[in-house]
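Please build the complex by placing chain B on the supplied structure of chain A, with the hints as guidance.
If you're matching them up, the sequences are chains A and B in order. Reminder that position 117 of the first sequence reads as 117 in this note's numbering, one-by-one numbering, no gaps. Every number in this note's numbering is 1000 more than the matching position in the second sequence, counting from 1.
Hints were generated in silico from the structure; no laboratory data involved. Everything numeric in this text was worked out from a predicted model, so none of it was measured. In this text, a Cβ means the ideal position worked out from N, Cα and C, and glycines have one as well. Keep in mind that the hints are not guaranteed to be accurate.
What the simulated footprint calls covered on chain A by chain B, stretch by stretch (three residues with Cβ under 8 Å from a Cβ of chain B suffice, anywhere in the stretch; the number is not a length) [claimed, not checked]:
1. 273–284
2. 351–361
3. 467–476
Within a straight-line C-alpha distance of at most 25 Å, the following computed PhoX-like cross-link-like pairs (lysine-lysine) qualify [unchecked claim]:
4. K567/A <-> K588/A
5. K1140/B <-> K362/A
6. K1003/B <-> K1055/B
7. K1006/B <-> K1053/B
8. K280/A <-> K229/A
9. K280/A <-> K1055/B
10. K151/A <-> K229/A
11. K1006/B <-> K1051/B
12. K362/A <-> K1137/B
13. K588/A <-> K151/A
14. K1006/B <-> K278/A
15. K230/A <-> K278/A
16. K280/A <-> K230/A
17. K278/A <-> K1053/B
18. K280/A <-> K1116/B
19. K278/A <-> K1055/B
20. K1003/B <-> K1051/B
21. K280/A <-> K1053/B
22. K1116/B <-> K1051/B
23. K1003/B <-> K230/A
24. K1053/B <-> K1140/B
25. K1003/B <-> K1137/B
26. K278/A <-> K229/A
27. K1116/B <-> K1006/B
28. K230/A <-> K151/A
29. K1055/B <-> K1116/B
30. K1116/B <-> K282/A
31. K1051/B <-> K278/A
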Amino acid sequence: MNIRDTLIRKLAIIFPYILFIVSGAGFIYALTMRGKEYAFKSLIYVIPVLLAGIILLILRNRKANRISIQIKDKSINYVHIFLVTILLLIVSVIILFSSPTRPWAYFVVVSLTSGLIFAQIIYERPSWTDYLIIFQIILLSLDLIWGVTLKYPLYFGDTDILIHLSYVQTILQTGRTSSIGLDYLYFPLFHILNAMGVEITDLSIKNGLFIFFGISWQVGILFAYLIFKKLSNSRIFSLSACLLLATSQQIIFYGMYAITRSLAYVMVLCWIYLILGKPKFKYVLLSFITISALILIHHATVLFFLPIIIIIYVFQILFTRDKLGKSGIQLLPILFLTICFFAYIFYIAYSFTNPTANEWFKIIITPDHNIVTSSISNTTWLISIYFSFVLLISLIGIGTAFKNDKFGGTDGNIIGIAFASVIFLLFYISGPLNLIPSVESGLIYRFQLLVAPFIIYMIAYGFNHLISFEQDVRSYVLKRRTQIPLFTLALIVIMIFFSTISISNGDDNSYILRTSNIGSEYFSNSELASFSFVEDNCNSNSNLYGDYQTARNKLFFNDFPNTYEIKGGDISYIADGYLVFRSGELQKTGGLKFSLSGYPEDVNYQYNLENSNTQSNIVDNLSGQTCIYSDNDVQIYIINRISQSK
Amino acid sequence: MIKVFKLYGITLIAIGVILTTIFHFIINSAPLSACGISVIILGTTFIALTKNKPKLSDESISTLRNFLISIAIAFAIINVLLAFRNVDDISIYYYIISLAYLTIVIIYLSFNPLPKYALTTVSGVIFVIFLVITAFKLAKIINLFPNSI
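This is chain A alone, in the form it adopts within the complex (with noise of 0.2 Å):
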């Protein structure tokens, strides 16, 4: 036995130990530093880790080394499953249609559609169902993105998908790339393709890119699946590994909020599934082409995944006996990859590079630590009860995939991504990260999207081994072996119904709207509307002022060079122009979103009516304006005190 086996196999043993260490430090140390109630809310990290640790104990003289299990029961056929699957996913539309918000019930419906997803994919059936079920994953998360992207007027989740639109609009009005912001003036591919799309189609600019957008998202969950296959070697690993991916909360976020960044998370998938292996030639020129263009597509997302990449890489040469890299991930195209990204930032995009370089630096060293304190207290329980599923079967994953005597063979890689994980599970889950000063400005956060299949791939395998394990006790226990792992099945169910309502994926529900403290994430008609009234009649070279989102709306205000976020309920500060307010969205949400500096690129802050005294409030305060225009929902403003005072 060699010093990297004997190395592996004694962490195997110690790691379920490191867990109750690791998680008795985390809450020791919240307890003394930050006190009883900070304590009491670790627990949530805090008691998967435990747990996971102890599961790991009691497994510790399993076997690991079953990749995939197939359930047999006569009693239950496997067309009946499929149909009331089906069933469940036109539940969900109609739920969709017949509600103005979706209810609870809709991602209640989603998350049994799951699972039923999940039990076809290891009851035993013919190989051929397997493209019924990735037809069905596809549907569901075609459910999950549509549902929200083509049921809201305009969807703009945190919108970045406004300045987007307006580069698409930008194109197709002038035939030119030139005329976009400097930003993407080098990274045009995501706004070329969703204008040619626009012009082919003759769809609206908002359907055009919700409708391609939604479906190149699906070939990214389709080559996601190809990777797990081709790492794993079993195809009913991958197809339950694709389903959690599919249904895991930054793949559900990202699917909806179509952006550069999201269309090179498709590019990357597609890249790593090109290099995964053994070098053939129709797969280097492929890997060629996506190399180029994931680069034209988003400049951030290539720089953010290569230490990612480098990561895998390295422990995979370090913990997997697969060397020659049978069905691992390749040296040469990572150089490649990396040589091209840096020569395209450094000589042809040099006019973006030099200024972004400098800001981002700066930023990096100059940690604004505002940032960190803000996102610490929105962490809400419902965020974080996601990620403590995902803590808990991951790590049973990990631990899993160390105590696992099969090195080589089929499931070879796993040592080196179980490794890998451990690192990145630190920027998976929502809260460690926190931590860190700039992580928002510093787009730290963005790792999290990037190592979400390989998080992904542990948390099935931990699956996996849940399922064996929980058939092993029911035959101990209940001296007969039960077909169906119900247990796991319901933890699945639970897992995605928090997934789909995590971070901003259910925050047009009209509870989680009140409770998360943040603006909604679409327009309503009568806020369109507006709009296109400020578009028409006003005069674009005036002030417009606005809260965050209506600041931020490059698609209607793209002429308005003068655009300003309010500072606040007083706006006697405002001497003349015109203000957008969305009485509507402050009944809805109970606040606005404002900035103390007035750009909406500086740190924002949530204004709430109830918490403001007579001079901040800002409905009194408009209330002497001349009013130009008013709905239910939107009021404009047209502000001159310089006339006034004369």
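Chain B in isolation, oriented as in the chain A frame:
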């Protein structure tokens, strides 16, 4: 054949080093310095092929001729084209030469994976130098070493 390759390699590296030194530090010509660098890379490839794991037989080494010729031709074309475009930055030459080398290596290895160890090693060395150049380039952009007079 291996001895011949070793001899070619040493000769090319020696010539390359002399040419690069003269052209870069004395004549101060980027295109000619790039020619010197290309010769060094070619020489390093020759030597690396003799050290491949598993060792290459005389017969398999002779099949690498086309690969080496294509690298030499690619380097020559790149240097001439960039020189005609009046490119005067040695780092641009290096970036494009590295890309061309990696492209040819990746394509060649997809047909014949036998010299993988040798060619990956040379690519790794090229990459390390690339990283150093990139680090300096980045330091210049973010003004890490401002001129202190």
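Against the structure, the hints:
no.: 1; hint: 273–284; verdict: holds (count 6)
no.: 2; hint: 351–361; verdict: holds (count 5)
no.: 3; hint: 467–476; verdict: violated (count 0)
no.: 4; hint: K567/A <-> K588/A; verdict: holds (21 Å)
no.: 5; hint: K1140/B <-> K362/A; verdict: holds (14 Å)
no.: 6; hint: K1003/B <-> K1055/B; verdict: holds (13 Å)
no.: 7; hint: K1006/B <-> K1053/B; verdict: holds (16 Å)
no.: 8; hint: K280/A <-> K229/A; verdict: holds (17 Å)
no.: 9; hint: K280/A <-> K1055/B; verdict: holds (23 Å)
no.: 10; hint: K151/A <-> K229/A; verdict: violated (34 Å)
no.: 11; hint: K1006/B <-> K1051/B; verdict: holds (9 Å)
no.: 12; hint: K362/A <-> K1137/B; verdict: holds (17 Å)
no.: 13; hint: K588/A <-> K151/A; verdict: holds (18 Å)
no.: 14; hint: K1006/B <-> K278/A; verdict: violated (29 Å)
no.: 15; hint: K230/A <-> K278/A; verdict: holds (11 Å)
no.: 16; hint: K280/A <-> K230/A; verdict: holds (14 Å)
no.: 17; hint: K278/A <-> K1053/B; verdict: holds (17 Å)
no.: 18; hint: K280/A <-> K1116/B; verdict: holds (14 Å)
no.: 19; hint: K278/A <-> K1055/B; verdict: holds (20 Å)
no.: 20; hint: K1003/B <-> K1051/B; verdict: holds (11 Å)
no.: 21; hint: K280/A <-> K1053/B; verdict: holds (21 Å)
no.: 22; hint: K1116/B <-> K1051/B; verdict: holds (11 Å)
no.: 23; hint: K1003/B <-> K230/A; verdict: violated (41 Å)
no.: 24; hint: K1053/B <-> K1140/B; verdict: violated (40 Å)
no.: 25; hint: K1003/B <-> K1137/B; verdict: violated (39 Å)
no.: 26; hint: K278/A <-> K229/A; verdict: holds (15 Å)
no.: 27; hint: K1116/B <-> K1006/B; verdict: holds (18 Å)
no.: 28; hint: K230/A <-> K151/A; verdict: violated (36 Å)
no.: 29; hint: K1055/B <-> K1116/B; verdict: holds (11 Å)
no.: 30; hint: K1116/B <-> K282/A; verdict: holds (18 Å)
no.: 31; hint: K1051/B <-> K278/A; verdict: holds (22 Å)
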